[in-house]
Amino acid sequence: MPITSSSRPWTSEAPPAEAAAVRQLLEHLSLAGARLSEAELDRVVVAVAGRPDLWEDLVVDDADERWWLVLYRTANFDVRLMAWETEQETEWHDHGGSSGAQAVCAGSLRGDYRAADHLGTETRILRAGAHGSFGPDHVHDVSHEVGHPAVSVHAYSPPLTVLTYYEQTAFGFVAKEILPDDRRVGRPAAETGGRTAGPAVDEPPPPRLAPADAIL
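Numbering (this note's numbering), first residue to last: 1 to 216.
Accuracy of the hints is not assured; some may be wrong.
Label-pair distances were calculated between CB atoms; the ranges are [claimed, not checked]:
#	residue 1	residue 2	range
1	Asp57	Thr86	20 to 28 Å
2	Glu89	Ile178	31 to 39 Å
3	Thr86	Ala115	24 to 32 Å
4	Ala170	His28	48 to 56 Å
5	Val174	Asp64	39 to 47 Å
6	Arg51	Pro180	25 to 33 Å
7	Asp117	His28	34 to 42 Å
8	Gly97	Phe171	34 to 42 Å
Below, in silico cross-link-like pairs of lysine to any residue (SDA-like), each with a Cα-Cα straight-line distance of 20 Å or less [unchecked claim]:
#	residue 1	residue 2
9	Lys176	Thr121
10	Lys176	Glu89
11	Lys176	Asp141
12	Lys176	His118
13	Lys176	Gly97
14	Lys176	Tyr113
15	Lys176	Glu91
16	Lys176	Tyr166
17	Lys176	Thr161
18	Lys176	Pro136
19	Lys176	Leu119
20	Lys176	Gly120
21	Lys176	Leu163
22	Lys176	Ala115
23	Lys176	Ala75
24	Lys176	Thr164
25	Lys176	His93
26	Lys176	Val162
27	Lys176	Tyr165
28	Lys176	Asp137
29	Lys176	Thr90
30	Lys176	Gly96
31	Lys176	Val146
Don't read these hints as lab results, they were simulated from the structure. Note that beta-carbon positions come from the ideal geometry of N, C-alpha and C, so glycine has one too.
When you get a sec, could you build the whole thing from the sequences and use the hints?
Pasting the structure below:
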């Protein structure tokens with residue numbers, strides 16, 4: 001069923017006008033009320049990335065710390081806007097059991113990801129227009145490639161709560177620490193003008209584009 005404010009409370013760090021417009025856009029996708037599939041997550045990022053008028057004025061180009069903003073969050077998924085500058089990267093991580101999707105809006109990113117044998121790695125250069133999705137066992141390291149800044153839109157279901165970080169060893173990828181998602185990498189919303197723009201979620205969230213041929 002479509003997301004509605006009465007049945008599905010939501011929050012956003014974007015200013016009220018932009019947040020309401022993002023919510024309206026997502027309502028038209030008629031998304032499931034449960035965990036979103038990888039295909040649904042891909043639809044979300046394609047839809048949001050295709051409407052730069054809703055978010056391009058919110059992007060903060062921070063050369064010191066990787067910046068991101070929660071555009072929309074409800075109980076079953078969230079959507080984030082991210083900016084990337086030279087030498088900024090995520091390090092190897094998974095998404096705490098969440099599935100996800102990503103669309104590159106400007107510039108390009110490098111996506112290194114754990115191969116199917118869980119030992120090796122593969123690499124994609126993700127240029128503007130690239131998009132794709134991944135399941136809950138996906139481990140990757142995303143870094144800036146081109147653009148000042150490079151900009152991307154991400155969606156996760158369930159919403160992110162923790163990230164597991166990994167060390168790549170001769171024996172495969174070994175977990176080294178688990179960090180809560182609220183350990184913001186980049187500026188907190190209070191410093192970027194972001195604010196809550198809808199009724200608070202009444203329960204804590206659970207622990208023209210190119211073809212979707214890029215694994216992100």
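Quick rundown of the hints versus the structure:
1. Asp57 to Thr86: 20 to 28 Å: holds (23 Å)
2. Glu89 to Ile178: 31 to 39 Å: Roughly 19 Å apart at Cβ, these two residues miss the hinted range, so it is violated.
3. Thr86 to Ala115: 24 to 32 Å: The hint (24 to 32 Å, Cβ to Cβ) holds, given that threonine 86 and alanine 115 are roughly 27 Å apart.
4. Ala170 to His28: 48 to 56 Å: With a Cβ separation near 49 Å, alanine 170 and histidine 28 satisfy 48 to 56 Å, so the hint holds.
5. Val174 to Asp64: 39 to 47 Å: violated (29 Å)
6. Arg51 to Pro180: 25 to 33 Å: Holds, at about 30 Å.
7. Asp117 to His28: 34 to 42 Å: holds (41 Å)
8. Gly97 to Phe171: 34 to 42 Å: For phenylalanine 171 against glycine 97, whose Cβ atoms are near 23 Å apart, the range 34 to 42 Å is violated.
9. Lys176 to Thr121: holds (18 Å)
10. Lys176 to Glu89: holds (17 Å)
11. Lys176 to Asp141: The hint holds at about 15 Å.
12. Lys176 to His118: Since the Cα atoms of lysine 176 and histidine 118 sit roughly 16 Å apart, the hinted pair holds (cutoff 20 Å).
13. Lys176 to Gly97: Given that 20 Å is the threshold and the Cα spacing comes to 16 Å, the pair holds.
14. Lys176 to Tyr113: OK: lysine 176 and tyrosine 113 at ~17 Å, within 20 Å.
15. Lys176 to Glu91: This hinted pair holds, its Cα atoms lying about 12 Å apart.
16. Lys176 to Tyr166: holds (5 Å)
17. Lys176 to Thr161: Holds. Lysine 176 to threonine 161 sits at ~17 Å (cutoff 20 Å).
18. Lys176 to Pro136: Satisfied, since the Cα-Cα distance of roughly 18 Å is no more than 20 Å.
19. Lys176 to Leu119: Roughly 16 Å between the alpha carbons, so the hint for lysine 176 and leucine 119 holds.
20. Lys176 to Gly120: Holds - the C-alpha atoms of glycine 120 and lysine 176 are around 18 Å apart, at most 20 Å.
21. Lys176 to Leu163: OK: lysine 176 and leucine 163 at ~11 Å, within 20 Å.
22. Lys176 to Ala115: Holds - the C-alpha atoms of alanine 115 and lysine 176 are around 19 Å apart, at most 20 Å.
23. Lys176 to Ala75: Given that 20 Å is the threshold and the Cα spacing comes to 28 Å, the pair is violated.
24. Lys176 to Thr164: This hinted pair holds, its Cα atoms lying about 8 Å apart.
25. Lys176 to His93: holds (10 Å)
26. Lys176 to Val162: holds (13 Å)
27. Lys176 to Tyr165: Since the Cα atoms of lysine 176 and tyrosine 165 sit roughly 6 Å apart, the hinted pair holds (cutoff 20 Å).
28. Lys176 to Asp137: holds (16 Å)
29. Lys176 to Thr90: holds (14 Å)
30. Lys176 to Gly96: holds (14 Å)
31. Lys176 to Val146: Violated, at about 29 Å.
Checked against the numbered hints listed earlier, the structure breaks hints 2, 5, 8, 23, 31; every other hint is satisfied.
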